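Visitor: Please arrange chains B and C on chain A, whose structure you already have, making use of the hints.
Residue numbers (this note's numbering), protein chains in the order written: chain A, 1 to 513; chain B, 1 to 290; chain C, 1 to 337.
By construction, these hints were calculated from the structure, which means they are not laboratory data. A quick note: this is a predicted structure, and the numbers were derived from the prediction, not measured. Wrong hints could be hidden among the right ones.
[Unchecked claim] Below, in silico cross-link-like pairs of lysine-lysine (BS3-like), each with a Cα-Cα straight-line distance of 25 Å or less:
hint	chain 1	residue 1	chain 2	residue 2
1	A	Lys-111	A	Lys-324
2	C	Lys-84	A	Lys-193
3	B	Lys-54	A	Lys-351
4	A	Lys-335	B	Lys-54
5	A	Lys-278	A	Lys-464
6	A	Lys-193	A	Lys-134
7	A	Lys-285	A	Lys-324
8	A	Lys-285	A	Lys-351
9	A	Lys-351	A	Lys-279
[Unchecked claim] If you want the ones that stay clear, here's a sample from chain A, every Cβ over 10 Å from chain B, calculated:
hint	residue
10	Ser-81
11	Ser-346
12	Asn-501
The beta carbon of each residue, even a glycine, is placed where N, CA and C say it ideally should be.
Listed here are the chains, written in short residue letters.
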Amino acid sequence: MKYPVKLAASLAVATAGLLGTSALAADNVFTYAWSLDVEDWDPAHAASTEPAVLYNIYEPLVWWDADAEGSFRPGLAESWSVDDSGLVWTFKLRDGVQFHDGTPLTAEAAKISFERSMASEATGYTWMGVTEFKAVDDLTLEIHTAEPTAVLVAVSGTVGSFVVAPSASAQGEDWFRAGNAVGTGPYTLRQAKAGQQIVLDKFDDYWGGWDNDGTEIDRAVFRIVTEASTRVQMINSGEADMVEDMPRDQVAAMADDPNLNVYNLPTYQTVFWYMNHKKAPTDNKMVRQAIQHLWDRASISQGIYAGQSTPATSTVWSNYPGSKQFDLPEFDIEKARDLIEASGASTDDLKLSVAYISSFEEWKNICVLFQSNAAQVGIEVDCIPGELGTLWENALNPESYNMFGIIWWPDRMTLSGPMFLQYFSEEPMFNLGHYANADYDAAVLEAIGLEGTDMAASTAAFQKAQSILVDDAAAVWDQEISAMVVLNSKWEGLSHNPAYNRWYSLRDLRLKQ
Amino acid sequence: MATQDITPSEPSRLATIWSRVAGNKTFFVGLVLFVVILFAALFAPLISTHDPLKIDFGAKLVAPGSEHWFGTDELGRDLYSRVVYGTRTSLMIGVVVTLLAVAIGAPIGLIAGYEGGRLGFWLMRFTDVFIAFPPLLLPIAITAALGQGLYEAMLALSISAFPWYSRIVYSEAQRVSKSLYVQSARASGFSHFRILTKHMLPNCWTPAITQASMDFGYTILAAASLSFIGIGAKEPDIEWGLMVATSRTKFLDYWWVAMVPGLAILVTVFALNLLGDGVRDLLDPKGDSK
Amino acid sequence: MKSYVAKRLGTMVLILIGVLVMTFVISRVLPGSPVEMYLGSRPSAEAVERVTREMGLDRPIYVQFVRYLGEVVQGDFGISLMTKRPVLTEISERFPATLELVLCSVLLVVLVGVPLGVVAALRQNGIVDVVARSVSAFGVAIPTFLIAMMLQLFFAGQLRLLPLQGRIDDLVLLDYEFPHVTGLYLFDSAIAGEWVAFGSAAAHLVMPTLALSLSALALIVRITRTMMIEALGEEFVTTLRAYGLSSARVNFRYVLKAALIPLLTVVGMTFGYLLGTSVVAEYVFDWPGIGGFIVRAITKSDYPSVMAITMLLATAYLLITFLVDMLHFAVDPRLRH
Chain A
1 MKYPVKLAAS LAVATAGLLG TSALAADNVF TYAWSLDVED WDPAHAASTE
51 PAVLYNIYEP LVWWDADAEG SFRPGLAESW SVDDSGLVWT FKLRDGVQFH
101 DGTPLTAEAA KISFERSMAS EATGYTWMGV TEFKAVDDLT LEIHTAEPTA
151 VLVAVSGTVG SFVVAPSASA QGEDWFRAGN AVGTGPYTLR QAKAGQQIVL
201 DKFDDYWGGW DNDGTEIDRA VFRIVTEAST RVQMINSGEA DMVEDMPRDQ
251 VAAMADDPNL NVYNLPTYQT VFWYMNHKKA PTDNKMVRQA IQHLWDRASI
301 SQGIYAGQST PATSTVWSNY PGSKQFDLPE FDIEKARDLI EASGASTDDL
351 KLSVAYISSF EEWKNICVLF QSNAAQVGIE VDCIPGELGT LWENALNPES
401 YNMFGIIWWP DRMTLSGPMF LQYFSEEPMF NLGHYANADY DAAVLEAIGL
451 EGTDMAASTA AFQKAQSILV DDAAAVWDQE ISAMVVLNSK WEGLSHNPAY
501 NRWYSLRDLR LKQ
Chain B
1 MATQDITPSE PSRLATIWSR VAGNKTFFVG LVLFVVILFA ALFAPLISTH
51 DPLKIDFGAK LVAPGSEHWF GTDELGRDLY SRVVYGTRTS LMIGVVVTLL
101 AVAIGAPIGL IAGYEGGRLG FWLMRFTDVF IAFPPLLLPI AITAALGQGL
151 YEAMLALSIS AFPWYSRIVY SEAQRVSKSL YVQSARASGF SHFRILTKHM
201 LPNCWTPAIT QASMDFGYTI LAAASLSFIG IGAKEPDIEW GLMVATSRTK
251 FLDYWWVAMV PGLAILVTVF ALNLLGDGVR DLLDPKGDSK
Chain C
1 MKSYVAKRLG TMVLILIGVL VMTFVISRVL PGSPVEMYLG SRPSAEAVER
51 VTREMGLDRP IYVQFVRYLG EVVQGDFGIS LMTKRPVLTE ISERFPATLE
101 LVLCSVLLVV LVGVPLGVVA ALRQNGIVDV VARSVSAFGV AIPTFLIAMM
151 LQLFFAGQLR LLPLQGRIDD LVLLDYEFPH VTGLYLFDSA IAGEWVAFGS
201 AAAHLVMPTL ALSLSALALI VRITRTMMIE ALGEEFVTTL RAYGLSSARV
251 NFRYVLKAAL IPLLTVVGMT FGYLLGTSVV AEYVFDWPGI GGFIVRAITK
301 SDYPSVMAIT MLLATAYLLI TFLVDMLHFA VDPRLRH
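With the rest of the complex left out, here is chain A:
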């Protein structure tokens, strides 16, 4: 008698499993179908997509905030000041903050974290100009610099600025890489399964406190789903609560679904295409100008990004503090044709290799569109998709590609980043267009030098440098894109600070009452 009953029960449960129901109902579980993965859990190394997860676990001393007074607002530091020489910054830390392991936040912990990142090859550059971190007492940290430096930019940046528990800092790289983290943030790392999922659990002793009214996220699961079609499936079926990185065409359709809310969030992400100034035919200014006129940015915005982007009006995001606006070249095939003729380039020369990162679906289409338009003026385009690392390595060699698509977003809120890294002649890693202009170099150096002391003069110098780039037709500045986030309508409170790319604060998300 018992056996058939047990069998029936097992079958019933198995069927339930078959239909994907899971029995937990007490806690609020939030599932984020994520297109990326944390490749490096070491805060002294993490520099690209990791912040999306890590900002729920770790916190910086100071946040950059476009709406805040002076653009900076307190994080783990309640207040800060700089002395008259401009060489010593003092940060007063918050009292009563705990790390996930129960130890208290101290200036010493911050000092150790920052020293660790300063010593790291991957993140050390953010502390350029810093000579010493000093823990004056438990809650006071001093940062000493050799020359007046924009220290606030460094401590509020997404690189190397996390405050990590001393016990964790002591463990070293390998311990972090195995998927471990101890920070002060509202969520702790419960599980990190590379390529599969990351689970964060609520940190009850978070210094900011909780309402505990049953609307907060108790557990967040970042499911690593690299295939866009699966992400679409998951958000439609309710398996996932949030997704981004959706195929642009399908996001628009989701707005009609009453169970979903679609958010169009401005980011500081700009798509632009380096043009190689050391390889024919892009070494010829008229050819570069022709290419700019062959780039149908309006169609790209409407047809490929489904209206979820705007054609760029500057060399960086148009709202970026300090950026100048320009009238960038319009799509005009006849003008391009004239420029090509005037350029003196022969038909044999008119072959372009355009490299781009294959994971961006839109870029494949941008390249195909360009290929098609370029063919009309006799230019042959070879589209080369690939992985970032491989392409980058190749692009460092000026013989490799004529154009390289890049999506840029700030890792720290300063123009010095893009202006220096992307076009400075001696810059070995990021100047993939192999651009070299002495006037430009001088203007950028001047601007960076003034950043710690006279922001207005610094901005003026940066803008002068931007004008040089535009006159030189240095690159193709394509689109400013927004992040389309789809959230299941039972949740509200989505917040996004474009200075911290792709990070959506879990603590702010609440179940609707």
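Guide: This is chains B and C only, laid out in the frame that chain A set:
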């Protein structure tokens, strides 16, 4: 007057072949389909309705209908025309890869079979290495090394395929080289080259041709698979596997973008398989060659 | 008998070395610098030099190969440039997933394909035969990725009956944990009594298995049918029938046995065929096995992973062929003297 022998009139060779062809129904179907495909490839510009490369954002992801018979993809390109032009790419792949594989593999097998002994042994071990790889894995690894591209994929497929032809020709060549015909040629002092080309080759090529005809369809399938996982054809190549790959993010909502090129692959490979079977039946009815 | 085994073993080792040489040669040409990949996107010149020396990339090719050979023998397949963990760890974590998929496919292919082929042979040109031959013809012509996507479209997209991708519901895995004894989720969850997990794993296996099996199924049906027909035509069958043994008895005891021997070879080949085709199926279904991993590894120029996996799969295939040969030898009295 001398008497003439009366021999019953023999049907011509061609007629024999034709009767065998027509009698074999599946082969006939395959042949007809193949002719259609060939026709599409040859007269693509005439039978297409649109320019297969023309981008038209206004006609994005249109369902199959009167304006676009098979619908359009995410760039507004007409799928019917792209399928038609795709026949050119596929047939080219099949022909070139198979030709290359036979051209490299057959001579190796021929020479090894002719010389025999240790050369033959080591040749077999050499081909064993290639055959030790599960199918597709070797082309994948080689294409990855050579870089993405249709020609790179074709070269990789040829490299993976030629050892098979070496083996087939080798076993046949072994047998033939022991025959009286060849032995006497050797004894007569003919040059090796002459013996290989005039005496060995004509007697060894049948199994290779049979195998080639059966492999033709598979080659197209393999090339499509390589393009699908992203290491074969690339824009602006018009290749069916590539078309299916680009449709992946959308096909749940826009099924035709994936299914149309996919079915094109299916029908083409099916037709070529039937054709291949038919050729095998014609040339080697007992099916002993594999 | 011992000399036969020894000879076969020797040949296998020889071929294995050849496989190693080949994978090494191929991956040497892979584009992209492994060093930059390892260090992340902003490495300094000294770091590049240090890692180049550590990885031995500055030594001549033959020295690199000997070093590689030594490492392989010790079980060290290097560090994955993608995940920064040992390749062996990545492979051993993912291999059970591929194994489970391939095993299920082999089971399906043999349990469905063989009887189908047998019946088709026994009643030639009957309904079953026609169906079998048609399925066969289409099965070998349809690309695995197409059938996979069609299944997804229908069962996941339209009917919402089966999950689109993956191996198991990750939340289920977290909350209904079961010890991973063998790494095969169906087996492990069943012996642990975790039926929710079992159901989830089973649901996720349906489409990938079907997609993977179809072309192999088509081949097996065809081959079984052909071998059965040949066996039926053999002289000894007519003789047995002449002695008055019933058809059924003849068919099942003698004919099937005769067909069984070459069938073993075919099953072995199927395994190998499925190992290769699993790459595409795993890619479509985001299956966490080594097939999907190798595709990602190739696009990221993770040459240690590519080399290791290619070699592993070829070795597995070789071993299976060897085992089948041994079985063959044991079962077939004609080979033993």
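Visitor: Run the C-beta distances from A:Ser-81 to all of chain B and say if the shortest one exceeds 10 Å.
Guide: The claim stands: A:Ser-81 keeps its Cβ more than 10 Å from every Cβ of chain B (closest is about 51 Å).
Visitor: Hinted pair, alpha-carbon criterion (25 Å max): B:Lys-54, A:Lys-351. Please report holds or violated.
Guide: holds (20 Å)
Visitor: Determine whether the non-interface label on A:Asn-501 survives the test: each CB of chain B must be over 10 Å from its CB.
Guide: The assertion about A:Asn-501 holds, with a minimum of 22 Å to chain B.
Visitor: Would you check the hint for A:Lys-351 and A:Lys-279, treating anything up to 25 Å between C-alpha atoms as holding?
Guide: holds (11 Å)
Visitor: Given the hint that C:Lys-84 pairs with A:Lys-193, does the C-alpha gap stay at or below 25 Å?
Guide: Within the cut-off at roughly 14 Å; holds.
Visitor: Check the non-interface label on A:Ser-346: least C-beta distance to chain B beyond 10 Å or not.
Guide: holds (23 Å)
Visitor: With the threshold set at 25 Å, check whether the alpha-carbon distance from A:Lys-278 to A:Lys-464 stays at or below it.
Guide: The hint holds at about 24 Å.
Visitor: Holds or violated: are the alpha carbons of A:Lys-111 and A:Lys-324 at most 25 Å from each other?
Guide: violated (37 Å)
Visitor: A:Lys-285 and A:Lys-324: Cα distance at most 25 Å?
Guide: holds (22 Å)
Visitor: Holds or violated: A:Lys-193 and A:Lys-134, Cα atoms, limit 25 Å.
Guide: Violated, at roughly 37 Å.
Visitor: Hinted pair, alpha-carbon criterion (25 Å max): A:Lys-335, B:Lys-54. Please report holds or violated.
Guide: holds (21 Å)
Visitor: Please work out if A:Lys-285 and A:Lys-351 have their alpha carbons no farther apart than 25 Å.
Guide: This hinted pair holds, its Cα atoms lying about 15 Å apart.
In terms of the numbered hints stated before, the structure departs from hints 1, 6, listed from lowest to highest.
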